[in-house]
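First to last, the sequence lines map onto chains A and B. Per numbering that gives the first Met the number 0, residue 0 is the first one in the first sequence, and the count goes up by one each step. Per numbering that gives the first Met the number 0, residue 0 is the first one in the second sequence, and the count goes up by one each step.
Hints were generated in silico from the structure; no laboratory data involved. One thing to keep in mind: the hints can contain errors.
Identical copies go unnamed one by one, so any copy, or any two together, can satisfy a pair.
Derived pair list, reagent style SDA-like, types lysine to any residue, alpha-carbon separation capped at 20 Å [as the list claims (entries may be wrong)]:
| no. | residue 1 | residue 2 |
| --- | --- | --- |
| 1 | Lys-383 | Arg-469 |
| 2 | Lys-295 | Ile-367 |
| 3 | Lys-296 | Gly-335 |
| 4 | Lys-374 | Pro-232 |
| 5 | Lys-468 | Arg-403 |
| 6 | Lys-365 | Gly-335 |
| 7 | Lys-233 | Trp-391 |
| 8 | Lys-362 | Gly-335 |
| 9 | Lys-374 | Ala-202 |
| 10 | Lys-296 | Glu-356 |
| 11 | Lys-90 | Glu-39 |
| 12 | Lys-296 | Pro-361 |
| 13 | Lys-80 | Ser-135 |
| 14 | Lys-421 | Pro-307 |
| 15 | Lys-233 | Ser-373 |
| 16 | Lys-365 | Glu-291 |
| 17 | Lys-362 | Glu-445 |
| 18 | Lys-210 | Asn-394 |
Note that this is a predicted model, so its numbers are computed, not measured.
There are 2 protein chains.
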Amino acid sequence: MDGDRVDKVLQDVLKEITPSEQEKQQTSAILDKVKSATNEILKPFGFSHLVAGSFIRDTWMRDKKEFDVFILFPKNRSREKLEKDGLEIGKNIAKKLRGKHRIAFAEHPYVRANIDGYEIDIVPCYKVDSALRIKSAVDRTPFHNEWLSRHLFPKFIPEVRLFKQFCKGQGLYGSDTKTLGFSGYLCELLTINYRNFRTLAEAAAKWEPGKVLINLEGFSGFDDIDYLHKKFPKQPLIVVDPVDPGRNVAAAVSPENFMKFVFACREFLKKPSRDFFFRKPFQVDPEKLEREMLNKKSKFIGFSFKAPDVIPDILWPQLRRTGKRIRDMLEDHDFGVMNWDVWTNDLDKCIIFFELESWSLPKHRKLIGPSIFSKRHTGEFIEKYKDKGRIWIENEFWVAEIRRTFQEVRPKLKEILTEDEKTLKAKGIASYLAKEITKKFDILQERELISHARRYPEFGELLTNFFEKRVV
Amino acid sequence: MDGDRVDKVLQDVLKEITPSEQEKQQTSAILDKVKSATNEILKPFGFSHLVAGSFIRDTWMRDKKEFDVFILFPKNRSREKLEKDGLEIGKNIAKKLRGKHRIAFAEHPYVRANIDGYEIDIVPCYKVDSALRIKSAVDRTPFHNEWLSRHLFPKFIPEVRLFKQFCKGQGLYGSDTKTLGFSGYLCELLTINYRNFRTLAEAAAKWEPGKVLINLEGFSGFDDIDYLHKKFPKQPLIVVDPVDPGRNVAAAVSPENFMKFVFACREFLKKPSRDFFFRKPFQVDPEKLEREMLNKKSKFIGFSFKAPDVIPDILWPQLRRTGKRIRDMLEDHDFGVMNWDVWTNDLDKCIIFFELESWSLPKHRKLIGPSIFSKRHTGEFIEKYKDKGRIWIENEFWVAEIRRTFQEVRPKLKEILTEDEKTLKAKGIASYLAKEITKKFDILQERELISHARRYPEFGELLTNFFEKRVV
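Okay, chain A solo, but in the shape it has when bound:
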């Protein structure tokens, strides 16, 4: 029976991913060091702190050397004061631990410190009485910590690790705006609900989008499916936050990633293998990529520009929003876009690119106008186009054949982007990107895209995936 095989695979994977005693000790040592430094810095302020995340629950992953330290401000402190003191405290902690640091921005600014190879976010938040009365999203974390401390029993810990590792293997781990997948907290809640990874996978193999509801605290009113669909529209997976029934912990999981997860569970149970948990190290093959690109007989065009200095969680949605707008603008000019995607290394480079169905158009464009039986619209149509091209009638409708401004996609894309910042924003280009595009952008065609794939392996992977991705 395959059941045995599943358990065997899970045992093997678990051995691989459980941190060694040495690693655990090292982690404990780091935690202690950070805690004590934080206590010392906070003494004059009289604030408390909280180390959050998988580290304190022992559900951390070996290669994820990061955790958050929350500085709990009294709730009557002004936002301004919180931001100012929060940065001050963060910087002092980093200095005390002899780490590097930089200031990052999410809902408010915070300090990101690197200490002994660990990435530690030092985040100020308000200490509130209930998760329902939070003043900003980060204020909720202490309540998650508290709830998990009561429900995440030691027996669940290896199961959480297996689940997280499975998500990682499928590229679905993380609720960040790039991944749109399963957060660590979501993995913990789902494990608590299903008690072990195997039961979870068996249930998920049968999940249907919009029909899955996990309500661990049994909040009332959540048995009405119509109510849920109104409250969480187009969310395939609903996991009610045990500390806040108004919130879906799985809100970040995109429909595509939900289905990917369901199919991955089905496949895993059918043919259990270690490979589901570990992504194969990716080797870009630029020659193959080029062959595939040219072989599709579509046309690729995109552009690159410098990444603005904002956190990835802001950058990725801005890139996607901008890609969509430019896609629409190209289509408005009859350049049919089949597929498109965006990429950034979150450092110095952004790329938005399109796969086109049509890229070289006839010199003229035909417009269907109003019925000849409509006097007013007839007058307007003729007035508008009589000097721009020829006008005739087909069936009962006016038609105009006017000269195109852009027959080729390259100059059209260039025209879209060559604007001042205000105009770019007015066109729908997201604000941080508009600023960078104004400074400089480079149009990329097949050859340039391939050379970027060569230079940036992560982009090469994305581009390769562009030709191969499939859910079913």
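Position chain B against the provided structure of chain A, taking the given hints into account.
Here is chain B on its own, set in the frame of chain A:
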């Protein structure tokens, strides 16, 4: 004032187009000859006959050497008998006059004879008491003749000639299915209504489609515009037949030709000139045509086949219907058609051709499927496409990328046409054409279209017009 100039032009044109005394005598002689031969042949049958058309009203045009002879059958005679005896009588008349003849088909078969260079259609019809009780369309003609004999006064005759000549000059003369313009009878009625060509042109310059109603007999109930639009939908010009209020004499006038006529009247009154009445002899310039064709950066493709042996009035609508169906089939396969047209010399050659916006497509085609939230449609979509290509999800929708059968338009067009007669008909190819296409067709691309334009000047004119036609 331009008024004088208009009158001057009209006088000059009239001189040119009025038949000479000699021509009139020649025509009278022919008429007499045909009438007496017909009388003699009809004697044993006891039937009467009627010569119809502009000849008997003296409104004929010099270059239109044709008229119809109607053989009036008693209305109790069977259709079968009428057809059989009608042909017999026709043949005998042609023989007696030593003319050539052939059998042609409209609503029923008839004899088309050529006698001394005149084309004479000998058409059997029923002698009925009222135009409201006709058994076939041709039975109406005697009533038109009778009505006109009472209303078309001699003073109208030169005005009718001017009007007809103006329509000819604009390519709008004739209600046949190729021209879709103004019939002789319509010209006569409009002239009677407006009393002279000039008043008619001044009125027409202000015509609006769907708002023109000519009701010479003052039939009641025709003052309600909503009623008219229901009775004659999408007909820009409504001229109620004085002998049959249920019929619009201008039904054949297409919306495009209506507007062409209106604009021509406006232009003529603004800048009166003889040129409006006479089309310039057309010289095809194949080199210029080829330059224009290539310069448009669109793609031309079409096909030719042998013209079936049917009258033009049946052939042209079949060609247009077939062109439209093939246009739709090409568009269903993503080959965007900007414009198309059909042509035949009514003898041995038919051509249907298309101007394409896209003719070479990517290897794959992307299909947007159902929402992932619809279980049933999800299942159907996956089942249908899982083996044909890759499937993924965008936003909340399934998408499939499947291999195209045809990337290029030429093989696609060939595939559409390479079928047995039954299948061609099932695809929507009109019946007479389907039969000929089954036997043989030739795909024509730019070069072949140009060489046809060289060989058939009338096709060359149509193709030239394709690039130049405009109404406004």
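Hints breached by this structure: none
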